[in-house]
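Between the sequences and the hints, there should be enough to build the whole structure, so can you do that?
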Amino acid sequence: MTTKEFFKSTAFKCIAVLLSIVLICGILLTFCNALFFVSDEERAARAVAKVFPGEEVTFETDDVNAKYSQASGYTVNRAYTMTGEHQGEYLVEVVGKGGYKSGTVTCWILASAVAGDVANPGSFTGIEKVVITDNQKQSFIGYITEDALQQVIDGQNNEGFSAYSGSGVTTGATFSLGAIVSAMNGAKTYIESVYCGLANPYESWTASSMIDRTTTYTVSGDTVTYSIVTVSNSPASAFTITVVVGGDKKISEFTIVTDGSTGANYSSNIYTGFVGKDAAFFAGIIGENGENDTNSNYGANGIATGATKSNYLCLSAALFATANYDTAVAEGGNA
Amino acid sequence: MMNKYKKITLDGIIFNNPTFILVLGTCPTLGLISSALSALEMGLAVIVVLTLSNMIISALRKLIPNEVRIPCYIVVIATLVTLIRMVLDKLLPSVYEALGGFLALIVVNCIILGRAEAFANKHTVAESAVDGLANGAGFTIALTVMGVICEFLGKGSLFGLKIMEFSIGLFGTPAGSFIVFGLSICAFTAIIDKFLRAKRVKANRLARENLLGAAQGSVPAEKEVKA
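Order-wise, the sequence lines are chains A and B. Residue 7 in the working numbering is what sits at position 7 of the first sequence, and the numbering runs on without skipping anything. Residue 113 in the working numbering is what sits at position 113 of the second sequence, and the numbering runs on without skipping anything.
Warning: the hint list may mix true and false statements.
To be verified - Mimicking DSS-like on lysine-lysine, the simulated pairs with C-alpha atoms at most 27 Å apart in a straight line are:
| # | chain 1 | residue 1 | chain 2 | residue 2 |
| --- | --- | --- | --- | --- |
| 1 | A | Lys50 | B | Lys90 |
| 2 | A | Lys4 | B | Lys62 |
| 3 | B | Lys6 | B | Lys194 |
Because the hints were derived from the structure by calculation, they are not lab data. Since we're looking at a predicted model, the values are computed, not measured.
Here it is as C-alpha cells:
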C-alpha cells in the first residue's frame, strides 16, 4: 500500500474520525472541568452547611494529623476548627468501619472540647451532632434515625459512646450503627489527642491498638492490677475489664466490668479461660502485637466463635496486660 | 409527519418501553428504585444523556465509518455522562450524592447505546431527539412508578415524606426492588396485551362488517377501519 492509498483507505478514515471525536471530546471536557471544578473549600462549605443548615458559620481548615487519623475502627479524613459563635467546637469527617458486610459509614461529627496541650491538657465535652453523608454496603442505613443517634450521643460515658451496653438503642441496623459508633469514638479520640493534648499514654506499649487512653493500672508488690478500657470494635462496643497479673506474669484475675458485646447470646460466647495464661498464649492467638484480628486461631485454642469482635477485645486486653507487665512495674502505676 | 413523531413517542414510552418491554437498564433500576426521588433523578439524567447522545450520533452518522461506530458512540456517551456528572456535582450536589456510582454507570446503560445503534444512526436529528426524549421518558416513568411503590412499602414514605409508620424492610433492599420490578413487568405486559388484543378484535370486527356490508351492498365502514 502506497502512502496515497493509505490516506484514501477506510483504515485512515476510521483512525481520523475516531481521533477527531476523542480530541473534540477531550477539549470539551477540559473546558468544562475548569468551568465546573469544585474546590476543597467549596466541598468543606457544603459539609458545614449540612451540619449547620441555614446558618452562616466560620471555620478554619486544619491539616489532618496522620498519627491519630487512622485506627482499626475509623479513619479521620478532614478536620475543621469552628470560629466565631461556634468557638470551642470541632468538625471532623470520619469514616466508621465495621459496618454490615465490612462496609463503612461516613459521618460529619461536630464535637465540643476544651483545647489544651500535653502540659496543660483540655477535655472532650461531647458530641453535638452527627450527620451521615455516605456509606458502603449499608442496606439498612435508613433505619438509623436521628432519635437513635441522639440516644447514642446522650449515652456518652467513660468508655466513650456505645450502642449496646445498657444504652437501649434499637435500630434494626446493628452493624451500621456499630460503624457510626466507631466513627463517634474515633472523633472523640482524635479531638482528645490532637486538640486537647490528651494523647494515649500507652502508645509505645505492646499491643495497645485496642486500648483506650482512660485505662489505668496500679502496682502492689509484684502484682499489677489493670482497669483496662478497650476501644470499640464494631459491632461490639468498648469493654471495661479488671485484669490482675502476678509475679509469674500470668493472669490471676480477669473480670469483665462493662460488657460491650451486643447481647446475651454473644456474652455467653466470650472466652472465659484467661486465668493462668501468659503473654505467649495470647500472642499465639492474636499475634505479638494483636495484629491478627481474625478468628482463624480461635477454634484451635478452645475459644467459641460467635462473639468474634468481643473475643478480640478481651484477648487484646489480656495480651496488653501480660505483655506490658515489666513496663507497668517499672512505671509504678498511674491510678 | 406528525404521525411519525407520535409513533416514535408512543413506542418509546409505551409499546417499546425500555424498562418494562425491552428490559434494558436493569442495573440502575434495581439499585435506585428503593427511593422514588432517586429513581426520578436518575431518569431525568438519562433523558438528558440519551437525547443529546441520540442527536450528536444522528448528526455524525454520515461521517462515522461503520467499522468504528461503537467506539465513537461510547466516546460520545462517556463524554456526555462525564459532563452531566460535573454539572450535577457543581450545581446539584445532593442529586450527585444520591445517585452515587449509578450516575457513572449511565455510560454502559444499554438503553443509551441501544438507541444509538438501533435508531439514531439511521434517522434524522429531529427524529432521534424525539426518540431520545420518548425512551428517556419511558425509562423515567417506569423507574418513578416502581420507586413510589418500593418507597411506600419499604419506608412508608413518598419522595422522602413520611406517610405511615408501617413498612416492610424487604422493599427497601435490591431484593424487594427485584420483586417489584418483576411484578411491574407482568402488570405492564398484561395491560399492553389486553389493549393490543382489544385493538385487534375491533379491527377484525370492522373488517368483517366491511366484508358483510360490501356483500350486502350497504355503505362500507372503510373510514372507521382506517381510524
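Tested hints:
no. : hint              : in the structure
1   : A/Lys50 x B/Lys90 : holds, 16 Å
2   : A/Lys4 x B/Lys62  : holds, 23 Å
3   : B/Lys6 x B/Lys194 : holds, 21 Å
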